[in-house]
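Protein chains in written order, with our numbering: chain R, 6 to 153; chain F, 6 to 153.
Check the hints yourself; a few may be wrong.
Subject to a maximum C-alpha distance of 27 angstroms in a straight line, what follows is the list of computed DSSO-like cross-link-like pairs (lysine-lysine) [to be verified]:
1. F:K134 / R:K21
2. F:K26 / F:K124
3. F:K21 / R:K74
Derived DEER-like restraints, expressed as beta-carbon distance ranges [what the hints assert, rightly or not]:
4. F:F144 / R:S120: 19 to 27 angstroms
5. F:E135 / R:L138: 48 to 56 angstroms
6. R:P123 / F:F144: 52 to 60 angstroms
If you're looking for bench data, these hints aren't it; they were derived computationally from the structure. Predicted model only: the values in this text are computed from it and were never measured. For glycine and all other residues, C-beta sits at the position ideal for the given N, C-alpha and C.
Protein chains: 2
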Amino acid sequence: MFTDEYFMRLALQQAKEAYEKGEVPVGAVVVADNKILAKAYNLTETLTDVTAHAEMQAITAASNYLGAKYLNECTLYVTLEPCVMCAGALFWSQIGRVVAGARDEHRGFTTRNVSLHPKTEYLCGVLEKECSLLIKDFFRNRRGCNFN
Amino acid sequence: MFTDEYFMRLALQQAKEAYEKGEVPVGAVVVADNKILAKAYNLTETLTDVTAHAEMQAITAASNYLGAKYLNECTLYVTLEPCVMCAGALFWSQIGRVVAGARDEHRGFTTRNVSLHPKTEYLCGVLEKECSLLIKDFFRNRRGCNFN
């Protein structure tokens with residue numbers, strides 16, 4: 006039951022909540038021992054804050070829950086490949102594992118030659134189509150409505 | 006009066022507040038039209054949060070003050086060259102100018118081949134010695150006291 010797909014579906018639910026708020030639909034969950042420690046979605050528009058990416062909030066919430074700065078035993082599931090900022094934060098967190106959905110060929114950290122922590126395992130492509138379609142759909146609609 | 010050195014001294018005051026709290030002493034201020042919009046210092050230990058770097062808090066506070074996500078008209082003064090995470094956040098903010106004190110040859114964004122936004126002007130080395138000495142002094146004392 007507790008597969009990568011299972012947890013990515015929870016991250017996708019978070020992304021859909023972002024979509025409904027008019028936010029770029031990216032969602033994240035942090036898991037340890039099959040337990041959800043944190044759920045978050047992108048809130049950059051709502052909070053008027055470029056740092057409010059799903060991953061950043063999820064890292065902060067998981068650390069808050071654990072009372073610990075380092076997330077060595079945790080896995081972050083995120084529907085879109087992290088950007089440079091989020092990869093930098095994940096580096097500092099020494100998180101055990103990062104699982105991403107859709108690739109971000111423009112702003113993703115792998116394209117930008119940024120590294121996660123040497124201790125961090127990285128996997129990309131879990132529920133890739135669903136994660137990718139949600140974002141493409143969002144931008145298609147946004148352009149169609151001339152929505153800022 | 007309102008020189009880069011003037012504002013870097015204010016960032017240094019912030020860094021000293023961090024030092025007194027046992028935090029790695031990095032301070033930042035955000036300025037627009039010679040007006041201080043935000044002041045912050047590193048709070049990663051106090052908040053148990055790796056994302057609580059001075060720059061991240063300063064970006065959030067300045068956006069909050071302005072009610073705007075983008076900081077095109079602002080300058081961030083920071084006592085240490087930003088890391089990859091903070092450079093990524095500064096990229097998203099499209100900040101007009103970043104002025105740094107000491108170089109960070111290990112974790113600084115320039116060493117890691119990360120770029121700020123094409124619109125952002127970058128200057129490093131303002132009050133470099135003072136900014137650098139404060140950090141060196143902190144780590145010397147921390148090792149001496151076996152302080153975590």
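Taking the hints in turn, this is what the structure says about them:
no.	hint	in the structure
1	F:K134 / R:K21	violated (49 angstroms)
2	F:K26 / F:K124	violated (35 angstroms)
3	F:K21 / R:K74	holds (22 angstroms)
4	F:F144 / R:S120: 19 to 27 angstroms	holds (24 angstroms)
5	F:E135 / R:L138: 48 to 56 angstroms	holds (53 angstroms)
6	R:P123 / F:F144: 52 to 60 angstroms	violated (22 angstroms)
Checked against the numbered hints above, the structure breaks hints 1, 2, 6 and satisfies the rest.
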